[in-house]
Amino acid sequence: MMDEPTPAGSAGRSGRFQGPWELGPALALVAACLYLALVWVPNERTMGVVSRIFYVHVASAWSAFVAFAVTAVAGAVYLARRDWRWDLWAAASAEVGVVFTTAVLVTGPLWARPVWNVWWTWDPRLTTTLVLWFLYVGYLALRQAVEDEDRRARLAAVYGLVAFLDVPVVYQSTRWWRTIHPQVLGPGSGGVAPEMLLTLAVCAAAFLALYAVLWRLAVRVGALERRARQAQEELVA
Amino acid sequence: MIEVRRLVKRLGGRAVLRGLDLAVAAGQCVAVAGPNGAGKTTLLRVMAGLVAPDRGEVWVLGEPVHRGARAWRRHLGWVGHEPALYDQLSAAENLRFWARWSGVELPAGRLQELLEQCGLDWAADEPVATFSRGMRQRLELARALLGKPRVLLLDEPFNALDRQGRAWLAQLLQARKGEGCALVVVTHRPEELAGLADCLALLEGGRLWFPEGSDGKAPTPAPRPAAWRT
Amino acid sequence: MGLRRREMAAGVLVFSLLVALTFAFAFDPARLDGRRLMPGALWVTVLFSGMLAVSRTMAAEQEHGTLAALLASPVGPEALFFGKMAGALAWVALVELVAAPVLAALLRVTVDRPALLAGVLALGSVGFVGAATLVAAVSLQARGGEVLMPVLLVPLAVPATLAAVEAMGAVLQGEGAGALGVWVRVLVAYDVLMVALPPALFRFLWEG
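Residue numbers (the numbering used here), protein chains in the order written: chain E, 1 to 237; chain P, 1 to 230; chain L, 1 to 208.
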């Protein structure tokens, strides 16, 4: 192919999978997180043993938020530069973000059932997370529904940007709607034991590392899919 | 008037235009022909600023088309595959709408003149939904000529017209050319442009080929249509 | 631009009446306080008729060759956004004008402060229609766009939905400026976002 500014082969460089050991650091951190959260850290006084799920829950939520921020920024860069790799990075991040958001939505009720006595409440953070999940499932559905690569990238970037900027407004509106979610780190929270803070920090690091690894894998898969498609088109042509 | 430099455009991973050059001067008409799927329509859309190129530049009336400049569009006449007409509106309402949208003054006299020019003054108040394809195409050309464009980009303008209509259109375009308008006409039947086009360009393999053996510039002395191959 | 949709007029008006009927049947207004039902019923009417109107006008442009000519004209894509939005907004306003009194009658609600209710409804509609216009332009370029549109739009419209319903509730319940003020602030923030952002992004939607 002539005048191909980004040869298909370079797709591999950004996301080449080095082998299973690439997962090592992330898995080690996750193991540390699980040990600290499930064994080492003391129970929270009022909530008892279920409080331990909180570390995984919060760490997933933070990673999801980072993932969607990456999607929005990468989409904006794509619109400015029109380099397909930024679109690939945005899409991969959204996929991983949806996985983490799903984890938040699953761990939330598990915790809420014993503590609040209900599986689901329309608390602002839960509601915002649910809306977030819908927004990015929609983002992925949109990508599925557009054939042309450039058009898909442009439409997804625009939607990803608007969706991300919508999130603070969603959060604010649901916050005023009702607030019963524990403000663990916010003002008015009681003292948090240093062990709990350490556990939360390790878990946050672990889930961010997990995000990074999964993102790289998703990028790799996306790049390979693109290459396969191009090879197919060249064969047909 | 129109200058296309080193234009590259990929669609769905396939390079449709591969480093294409074209220059069209005032009062010149270039016919672009080529096999189906060669990218003729894409080229026209890039020139009209509807599609961004991956590489290369398009300049129209001294303005870079793809860097946010819009003033040149005031002088652009565009006729796409499908007529840009609203079915529920009458012929006159369509012209009035497009004049208002583009900021063109359209006094009653000028409206009448345009309708007569395209031979539709008798159907001025009929909804376009009742029009035949040929009538729509005539109205579409009146629409494109609303703002007295200095650059005309036409995609298969002869397609929907009968023989009489084709003669009418050739005459209309000839008149615009005489007034210094630059024309690019995409067609799969270049013989229809005999006598009108100064130059035939074949789009094949992502580049323009000039059967007359020019260097990417449209030759100024019009080559004879008799020499054309399709 | 708003005058091209005569064909849809009857359909959407009847539709809004049907929503009103459905709500009246689903939640027996004889036993439930109509003032609690009305905000939701009214907003559902706005949501559906707005979505229908926006997607119809946008699809009409794409079926004909008009979109390319609109974009090739000297006016920028921002103007296209505002034109589409204004047309849809006029339409939604008309629906509201019909649906609000019908719903009030069917749900047995007396509106003490109609001007305030109209104001709140208007604030909610502006942001919602802005978002709907952008989403329609996005989703109608995809396969199965008419199905995709609500999937993309409803989550995006959550702040407008929530704040408009709550604010209308506050108005109908005769609550003071305090409760109302919070929701008006959300609506204004959402309106600013959805009127400022789409025109800036609109030009990216159609250049390929």
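A hint or two may mislead.
Cβ-to-Cβ under 10 Å is the rule here; a few derived chain P residues that face chain L [claimed, not checked]:
| no. | residue |
| --- | --- |
| 1 | Ala52 |
| 2 | Ala71 |
| 3 | His75 |
Keep in mind the hints are simulated off the structure, nothing from the lab.
From a predicted model like this one, the values you see are computed outputs, not experimental measurements.
All C-beta atoms, glycine included, are put in the ideal place defined by N, C-alpha and C.
So, going through the hints one by one against the coordinates:
At about 5 Å, the closest approach between the beta carbon of alanine 52 of chain P and any beta carbon in chain L falls short of 10 Å, and the interface hint on this residue holds. Annotation: interface hint on alanine 71 of chain P holds; nearest CB of chain L at approximately 7 Å, less than 10 Å. Among the interface hints, the one on histidine 75 of chain P holds; its C-beta lies about 9 Å from the nearest C-beta in chain L, closer than the 10 Å criterion.
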